[in-house]
Structure formats: structure tokens, C-alpha cells
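Colleague: What follows is the residue order along each chain.
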Amino acid sequence: MNAFDAPRIDALARALELSPRQLLVAAMRLARADAADSANEAERRRRALAQVCVAPPATEAVAALLLTPIASYAQDDIDRALANLWPVLPSADV
Amino acid sequence: MRRAALIVLAWNRWPLTRRCLDSLLASELDATEIIMVDNGSNDATPTALAGYADRVHVVSLRNNLGFVRGMNAGIAAAQPDDDVVLLNNDLLFTQADWLGRLRDAAYAAPQNGIVGCRLLGPEAEGRVYHVGGFIEPDDLRGEQTESGHVEREVAQYPRQRRVQAIAFALAYIRRDCLQRIGGLDTAFHSYFEDTDYCLRAADVGIASIVAGAVTLRHDQHGSTQGDGGFRERLFAQSRATFGARWRERLRRNYRGDAVWHGVTRFPAEHAELARLLVRRLDARGLCMAFASSMREVADAQDRRLELAARRSIPALPGIALVCAPDAPFAQAQARHRVALGFGEWERVPEAWAQGANALDLLLVPDTFQRDAFRAAGVRIPIELVPIGVDRDYCHTAVPAPRDPQGHFVFLAVAAELARDAPERLVAAFRRAFAADAAVRLLIHIQPGRDAAAIAAALAPLWAADARIRVLDRWGFPWHQRAQLLAAADAYVCARRGGGWHAMAAEAIACGKILVATDFGSQAELVRAHGFAVAVERLVDDPAQPGLRWAESDEGALSAQLREVFERRAELVPRARAQAEVFARTCDIDVSADRLFDVLARVGALAPPRVAPTPHAPARQGQPGSGQIVVLGMHRSGTSSIAGLLARMGVWPGPEEDLLVGPDNPKGHYESGPLHGTCLRRLAAAGGDWQQPPTVAPPAAIDAFRREVASVLDVLDARRPWLIKEPRLCLIARELLPLLTRPVFVHVVRDPHEVADSLAARNGLGRAHAFALWEQYTRAAFAASRGQLRLLVDYADLLDDPVALANRLHAELHAFGIEGLLALDPAVVREWAAPPTRRARSEARDELDPAQRALWAAIKDRSILDDDALQPGSDAREANAAASAHHAFARGGH
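So the sequence lines, in the order shown, correspond to chains R and C. The numbering used here numbers the first residue of the first sequence as 1 and each following residue consecutively. The numbering used here numbers the first residue of the second sequence as 1 and each following residue consecutively.
Just so you know, the hints here were simulated from the structure itself, not pulled from any lab data. Cβ atoms here follow ideal geometry from the backbone N, Cα and C, with glycine treated the same way. Possibly wrong hints are sitting among the right ones.
[Claimed, not checked] So the derived label-pair ranges between C-beta atoms look like this: (1) Asp77(R) to Arg584(C): 25 to 31 Å; (2) Asp77(R) to Thr47(C): 40 to 46 Å; (3) Ala315(C) to Asp77(R): 40 to 46 Å.
[To be verified] One-sided and incomplete, this derived list gives chain C residues near chain R with beta-carbon spacing under 10 Å: (4) Arg152; (5) Arg402; (6) Leu471; (7) Gly475; (8) Asp800; (9) Ala803; (10) Asn806.
[To be verified] Some chain C residues flagged as far from chain R (calculated, every beta-carbon gap over 12 Å): (11) Ala76; (12) Ala236; (13) Tyr254; (14) Pro349; (15) Glu423; (16) Leu442; (17) Ala528; (18) Arg537; (19) Arg584; (20) Ala814; (21) Asp866.
Work out the full structure: start from the sequences and follow the hints.
Modeller: This is the structure:
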């Protein structure tokens with residue numbers, strides 16, 4: 001998940017009156033659906049969206065992880081970041 | 001003279017032991033004996049130890065008896081009056097004055113019987129493995145830090161503090177405590193014996209302490225590595241023994257249960273509250289469970305919070321406390337429903353108010369929040385629980401990389417774009433400072449939902465501006481949060497939102513200058529302690545139409561940034577100087593106490609167990625050893641009483657050492673070497689008897705003890721003996737590690753007469769004299785608290801010297817002082833005759849209320865109660881010291 005997809009998913013979810021996680025779960029279900037059902041796309045989508053509300057916790061947790069930027073759960077020592085921020089002073093000629 | 005027996009236990013691994021011994025011998029080891037216990041080694045250890053025989057007392061055990069029996073053998077080999085210090089052989093003594101600082105902690109209070117220290121592991125970058133910890137009945141897993149995690153060294157836990165237990169990799173145990181509860185329990189072979197010992201000690205009022213001023217290196221089980229699983233078996237066995245003894249006791253410490261509904265990740269404020277308070281409530285006796293209020297990848301970073309998240313939540317808990325974003329108060333399903341809430345606006349959403357009205361109690365951090373909830377229609381009781389600062393992590397000594405070019409750094413944090421208004425701050429900063437100004441703006445964009453939007457909004461503003469540095473979505477361990485502040489000079493909070501914000505107070509506690517919008521929860525704080533930025537207007541939160549927050553005046557923000565920068569030479573040191581005082585008044589542990597008290601009341605918790613009486617050496621029924629310390633303010637009659645004691649056969653020291661001066665032609669009964677030592681001690685700390693120093697530099701304390709040890713060595717040849725020097729009132733506590741069951745004789749005199757005498761002899765003003773009297777008196781009685789002590793009133797010497805002498809003799813005899821001579825009344829009257837007899841002055845009252853209360857406690861002798869001057873005595877001593885200093889500065893008028 002990159003820095004641009006998350007806000008877009010957020011916006012789409014709001015438009016469909018879903019949470020972002022519910023949207024991802026629905027997308028997952030739609031992707032798994034039988035191709036023979038493609039003739040009734042609208043009904044398929046409706047059923048998938050209705051089902052997301054009862055998605056099991058494990059599915060929702062996976063979706064939560066996908067939506068969490070790496071920076072949010074990867075942690076590194078702050079002084080490493082601070083040391084990167086400041087310019088390195090040029091060493092004096094000996 | 002009391003010493004410390006340093007007991008090092010070793011089993012094989014000679015290179016490790018040698019490294020430990022060599023570093024130990026290179027440290028400052030005054031008044032010590034090193035006892036090396038060879039626990040049945042079969043490598044080079046026995047032979048190699050022979051090379052240390054001139055410096056170390058070796059106790060060789062034929063077989064490995066295990067840690068407990070091995071250490072007990074070392075304890076048995078120590079001198080009967082010595083304190084003991086248990087040491088692992090994989091320690092490295094990287095701090096020269098470690099023992100002096102442990103002694104300071106061990107004798108800082110009568111109940112401080114067991115003292116540990118901060119221990120770093122073997123890693124080069126410094127990881128903290130031990131700062132004193134706890135054990136929970138659920139897992140029976142002893143934790144060696146408060147968070148239960150190994151943390152990067154960021155100078156955390158620098159203070160002395162009481163803990164549930166310490167690890168016996170290093171343990172200073174006072175002799176009187178060893179006599180009270182004995183050695184390590186042989187029911188344990190190794191492991192858990194330390195926690196067991198600390199819990200047994202607590203049962204009799206002995207405190208386990210960590211000396212934050214000591215940090216050593218410990219290689220962590222270096223002596224038992226590579227042992228084929230032997231260690232694991234020992235651990236399991238000891239754990240079972242410990243569980244059988246303590247599990248139910250630990251469970252019974254809980255007075256009730258509560259579930260905390262909150263988050264561990266975002267938003268940062270709510271996650272911080274969960275980390276700060278769940279562990280503290282658990283430690284205070286509330287069995288905590290934790291339920292996440294929203295789906296998140298949990299990030300507790302705290303063992304007790306993790307444990308709380310694993311605990312089953314009862315169908316109907318005693319207390320439910322909701323502390324989560326968007327105020328999901330309906331989650332509070334319990335017999336007693338509480339919430340800790342705060343919003344960003346002058347009025348919280350109606351939905352919040354409706355939810356709150358279904359609770360039993362709403363807690364808020366400040367009056368702004370209380371008013372915001374009331375304005376929305378909350379009718380239930382609302383109580384204030386101000387949220388303090390975690391002083392163990394937020395203080396002025398936190399290390400961090402600073403800008404090597406020495407620029408003045410403003411720090412800001414942005415987590416929500418609309419609320420935090422980082423773009424306004426950048427604009428104000430760029431307007432405030434020229435391109436070549438020696439300033440930097442450091443913005444940390446916190447990881448989270450808005451992070452990408454914030455980065456996108458700021459990118460065009462800072463891209464070409466080298467003065468602005470952005471830490472974009474860098475997640476770091478929570479325990480390092482103060483390092484961000486340590487890297488800066490000032491913290492700027494120009495947010496629109498008025499919600500509680502931890503970093504504002506943390507910045508002040510870290511000695512940084514605070515600049516913040518004069519709105520919301522931080523308004524009172526910034527007005528009192530920082531630079532408030534005027535509000536230009538209140539505007540609607542676009543996400544919450546109808547709810548208003550504050551748009552700061554950009555011009556005012558620029559002006560405040562400029563003023564702070566221009567006055568930095570004055571403001572930076574002032575902020576550092578005020579940090580400690582602020583943090584003491586804004587302490588998260590006080591917040592936790594308050595929150596616990598509120599929940600205990602609301603939740604009708606079981607009453608607390610009766611706490612044991614705090615341990616005191618004087619209550620152990622052991623006789624005085626014949627060491628007598630006479631304490632009293634200058635001009636209080638200490639020479640007279642010392643002379644009386646000398647006539648009872650108490651030895652004041654060699655005749656040639658005793659001072660004689662014009663103030664007391666009959667003699668001060670004061671050792672010249674001791675007098676010189678006291679002078680040097682006060683001078684080394686930047687003071688003297690008229691202007692007592694307010695700080696106690698460790699090197700000065702150690703030098704004082706070294707010099708006094710020489711004096712005591714001479715005196716100990718003939719007991720009973722006495723020492724007397726008025727300056728000792730200020731520094732008597734530093735003597736305690738060298739004394740064995742001393743008796744303190746407090747000589748008191750009406751402070752008005754003391755002031756009269758100081759005016760006549762030294763020209764001291766009245767206010768200065770009274771302030772000094774108060775400071776000396778408080779310090780003296782605080783030092784002798786918990787010890788054998790008695791009180792002698794100089795007025796009684798004038799009124800009826802024979803009766804006084806008889807009473808003094810009887811009290812010393814009752815304390816077990818042997819060798820006292822019966823006094824001839826004629827000798828007493830002759831001693832008390834003029835010029836020692838002075839005219840009594842009429843009753844006067846020029847004292848301030850605190851001084852008057854002190855004198856009253858002396859007159860009715862309640863000052864001898866061990867609880868006198870407690871709690872808060874340190875504050876009263878500090879106030880007395882400040883008064884004396886100010887009185888001196890004013891010329892005493």
C-alpha cells in the first residue's frame with residue numbers, strides 16, 4: 001500500500017458509505033467470485049457489499065494491516081532520524 | 001565503623017570474573033571489604049584468585065551450591081555490622097562512584113533497605129535491561145523494567161524511586177534489614193530469590209529502591225551460558241516455588257477490576273494515555289483489562305498493557321473507562337461507567353454529550369474540556385483529572401543529536417492537517433526569519449491517516465527552504481519521544497484544535513520553551529509557562545460543522561517566534577532551570593493517584609490492605625553501639641551538652657584535636673579534624689554555614705565520607721564516643737553509611753535566643769537567623785529519622801542542670817549505651833555555671849507560620865515521631881533552604 005492509494009480508498013469508501021476495511025473485504029470477495037456470474041455484475045456487487053458487514057474479524061484485521069502505512073508500524077530509533085536531518089559539518093583540513 | 005562487604009559470586013568463566021574484579025578494584029571503594037565467593041569452580045578461577053588475595057577475601061566452596069547458597073556464604077563471611085552488596089561476576093563497573101551513590105540511596109530514608117541500580121546490557125549502543133521492575137500473578141514473569149521491555153538508553157529513570165522488586169545482579173542490602181529478614185531463602189536454588197526477598201522485605205515495611213544515579217553494565221546471564229538447558233530447569237523449578245508462595249498474595253493485592261477501552265496506536269494522545277495510565281492503575285491495585293475501541297494493529301509497548309489486552313473481560317466488569325477518539329462512550333458496559341474525554345472545540349459534538357449522559361462519571365483533564373462538555377449539554381458529574389508528565393522519561397538530561405551548526409531549533413508535530421495547521425506555522429516561520437537567520441524549524445509528521453496529506457501540503461512550502469527540516473512519517477518507540485524535544489530549543493503548538501496535548505507539558509518538563517495557541521487545554525499551561533499566541537478568530541472545524549476551534553493570529557505567531565529567538569540567551573537557561581520545579585507540580589504519578597482514588601470511590605473498591613509500618617532501625621530493639629552524634633544549630637548549647645556527655649565518660653576524641661575558642665572558653669568539645677572536614681564539605685558545594693549549599697555534589701559527599709572515616713577510625717578505639725559540630729546538622733545524613741546504630745542527641749534552643757546570639761556574635765539579621773535555624777533544624781531531624789535519638793532543651797540546662805543530666809544519662813542508658821559514668825551533681829552544677837548560663841529572654845514570636853509549627857513540634861517533642869516531617873519533608877527542607885538563601889541575599893532584614 002503506497003502513500004497515494006490509502007487516501008483514494010478512503011474517499012471511495014466514504015462515497016459508498018463503507019469503512020475502508022469493509023471496502024477492501026468487498027473487493028476481495030468480488031475478485032474471488034465465479035466468472036459465470038459476470039452477467040449479473042450489479043447484483044454481484046450488491047451482494048458483496050452487503051456481505052462485508054459480516055466479514056469475520058480475521059479478514060478485517062488483514063484489511064486493517066493493508067491500510068496501515070509501513071511507517072505506522074515499522075519503528076526505528078529516533079536519534080537515527082535526527083542524525084540524518086542535520087548536515088554533516090565539513091571536516092577541517094589537517 | 002560500618003563498611004560495605006562487596007560479595008562477588010563466581011562459578012567458572014574466569015575471564016568474566018577477572019574483568020569484573022579488575023573494574024571493581026578500579027572504582028572508588030572507601031570503607032569496603034571485597035568477598036569473592038568461588039562457587040566450586042573447576043577452571044582457572046581458584047588458582048587465579050590467589051593472585052588477588054591481598055585485595056580480596058576469598059571464600060572457596062567445594063561444590064556449586066547455586067546462587068542462593070553461594071551468596072548466603074558470602075553474607076556469612078561479612079563482618080557482623082557491615083552492609084552487604086551482592087554482585088554478579090558479569091558486571092562491569094563503568095561508573096567510578098557507584099558505591100557512594102548506592103549508599104546515598106540506601107540511607108536517604110530509614111525504610112530504604114534494598115537498593116539496586118540501572119543496568120545496561122552488553123550492546124555498544126546502550127540498551128537498558130534493568131531499572132527495577134515488577135511481577136504479575138498472571139504470568140509470574142518478573143520484569144526488570146517498568147515497561148517490561150528492553151529500551152534504548154535515553155537517560156530514563158534518572159531519579160531514586162521505590163519499586164516492587166530489583167534484580168539481584170546488584171543489590172545493596174543494609175545490615176539492619178538483613179538482620180530483620182535474614183539472607184536469601186534457600187527454598188530457591190537460583191532465580192526468583194530476588195523478587196521473593198523484596199516482597200518479604202515489603203511485608204515488614206522495607207522498601208526496595210533503585211538508585212537512578214548509578215548505571216553499570218551487566219552481561220545478562222554471562223555466568224550461566226552454554227549450560228545445556230540447566231538454567232531453564234532451575235528457572236521452572238524456582239518459578240513453581242515462587243508461585244506457590246506468592247501468586248495468591250499478588251492476586252489479593254487487587255481491590256477490583258476495570259476495563260480500559262482505548263487505543264494503542266492512533267491517535268497519539270489516546271494511545272499515550274493508555275500507556276501512561278493502564279500500567280499505573282494496575283500497579284495501584286486495579287486489575288486492568290484492555291479492549292481496543294477500534295480495529296488496530298496493537299502497539300502496546302508496555303507489558304502490563306499487553307497483559308491487560310490478553311485478560312478476559314468479565315461479562316459485567318466493575319468499572320469500564322472509555323478513553324478513545326470520537327468518544328465511543330457506549331462501549332462502557334460495566335457496573336460503573338466512566339470516561340476520560342477531551343475534544344478539540346469550545347463545545348463537543350452533541351452525540352458525545354448524549355453518550356456522556358449515559359455514563360456515571362466523566363473525567364476531563366482541565367476546565368476548558370469541562371466547559372466544552374457542559375456547553376454541549378452534559379449533565380452528569382464531571383471531575384478534573386489533570387494529566388501530568390512522565391518524569392522518568394521527560395527531563396532535561398535526555399540525550400539527542402543536536403544541530404551541529406548550533407542553530408536555534410523550533411520543533412512542531414503534525415498528525416492531523418486541519419487540526420494542527422502545520423502550513424500556518426511554516427508560513428509564520430518564514431515571515432518571522434530572514435533566509436540567513438540561525439534558526440531551524442523541525443516538523444515531525446506523525447504516521448497516521450493524515451500523514452500523506454500533511455506531507456503533500458508542506459512539500460511546496462519547505463522544498464526550497466533549507467531552514468525547514470521534515471521528519472516524514474518516522475515511527476519510533478514511544479520511550480524515545482522526549483528525544484525529539486531534546487533535539488530542539490522550543491516547542492511550537494500552533495494548532496487550531498484545543499484538545500489535550502501531551503507534548504506541550506512534556507516540552508516544559510524537558511526544559512524547552514513552549515509557544516502555543518492561547519486556546520483549549522494548553523491555554524492555561526502556555527500562559528503560565530510559555531509564550532501564548534493570540535487567537536485571530538474562532539472558525540468552524542470543516543469536519544464538524546458548527547463546532548469551533550481557533551485560528552491563531554499568524555502575525556502574532558511570527559512575533560512570538562521572533563521574540564523567543566531574540567531572547568534565547570535568557571530564555572533557554574531559564575527554561576532548563578524551571579523544568580524540574582514544573583515537573584514536580586505536574587507529575588503523572590500524582591495524576592494516576594488521583595484517577596485511582598476517583599475510580600476507587602466510584603467503583604466502591606475493596607478497602608486497601610493495611611500497609612506495614614515503615615521499617616526503621618530504631619524499632620528493631622537493638623542497643624546503640626556507643627556512637628553518639630550531637631546535633632544542634634549554632635549557639636544552641638551543643639558545646640554545653642557535649643561537655644556534659646564528656647563528663648559522663650563519653651569520649652570526644654584526643655585532647656589535642658579538640659578546638660578551644662573565644663566563644664567557648666571551656667571548650668567546644670569539637671574535633672578539629674571533623675570541623676575542617678565540615679568546612680571543606682560545605683565549601684566544595686559552594687556554600688558555608690551562613691549560606692548553606694542547596695545541592696550536594698557527589699564528589700563532595702564522597703570526599704566528606706573519606707575524611708570523616710579517618711576521624712571515626714580514631715574514635716572507634718574508645719566507645720562510647722561523641723562527635724559534635726553544628727554544621728553536621730546539614731550533612732548528618734551523609735554520615736549514616738559509616739555509623740552503626742548511632743544515637744543522635746538533638747540540642748534545641750528557643751530560636752529567638754539563637755537569633756540574639758547570632759546577632760551578637762556574627763551580626764546576622766533576624767530573618768536570616770530564623771531561616772538558618774529552620775534549615776539546620778529540619779535537616780538534622782530529617783537525618784536522624786528512624787534512628788535512635790533524643791532531644792535536649794538548652795533551657796532545661798539553665799533551669800535544672802542536674803535533672804537534665806540525670807535524664808540524659810537515663811535515656812542513653814535505655815538506648816543501651818554502655819560505659820556511662822554516674823554524674824556528681826556538684827560536677828554538673830559547676831559545668832553549668834556561668835559563663836555557660838545565660839539570661840533567659842522574654843517570650844517572643846517573630847517566627848513565620850512554618851517556623852512556629854516547627855518550634856511547637858520541638859516543644860511538645862512530637863518532632864521525634866518517625867512520621868514527623870513526612871510526607872513532603874523534602875519539600876519543606878527545600879523551602880527552608882530557599883528561605884535561608886533569600887534571607888541572606890536580602891541582608892537578613
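Colleague: Could you run down the list of hints and mark each one as holding or not?
Modeller: Cross-check of the supplied hints:
1. Asp77(R) to Arg584(C): 25 to 31 Å: holds, 29 Å
2. Asp77(R) to Thr47(C): 40 to 46 Å: holds, 44 Å
3. Ala315(C) to Asp77(R): 40 to 46 Å: holds, 43 Å
4. Arg152: Nearest chain R Cβ about 6 Å off; hint holds.
5. Arg402: Where the cut-off is 10 Å and the nearest Cβ of chain R is about 8 Å from arginine 402(C), the hint holds.
6. Leu471: Status holds, d = 5 Å.
7. Gly475: Holds, about 4 Å.
8. Asp800: Hint violated; aspartate 800(C) Cβ to chain R Cβ min 70 Å, cut 10 Å.
9. Ala803: Violated - the Cβ of alanine 803(C) stays beyond 10 Å from chain R, reaching only about 69 Å at its closest.
10. Asn806: Constraint on asparagine 806(C) not satisfied, violated at 68 Å.
11. Ala76: holds, 46 Å
12. Ala236: holds, 33 Å
13. Tyr254: Correct as stated: the minimum Cβ-Cβ distance to chain R is 29 Å, above 12 Å.
14. Pro349: Fine: 18 Å to the nearest Cβ keeps proline 349(C) off the interface.
15. Glu423: Holds: least Cβ distance 17 Å, greater than 12 Å.
16. Leu442: violated, 7 Å
17. Ala528: holds, 29 Å
18. Arg537: It holds; arginine 537(C) is separated from chain R by about 29 Å at its closest Cβ, greater than 12 Å.
19. Arg584: holds, 26 Å
20. Ala814: Correct as stated: the minimum Cβ-Cβ distance to chain R is 60 Å, above 12 Å.
21. Asp866: holds, 45 Å
Consistency note: the structure conflicts with the earlier hints numbered 8, 9, 10 and 16.
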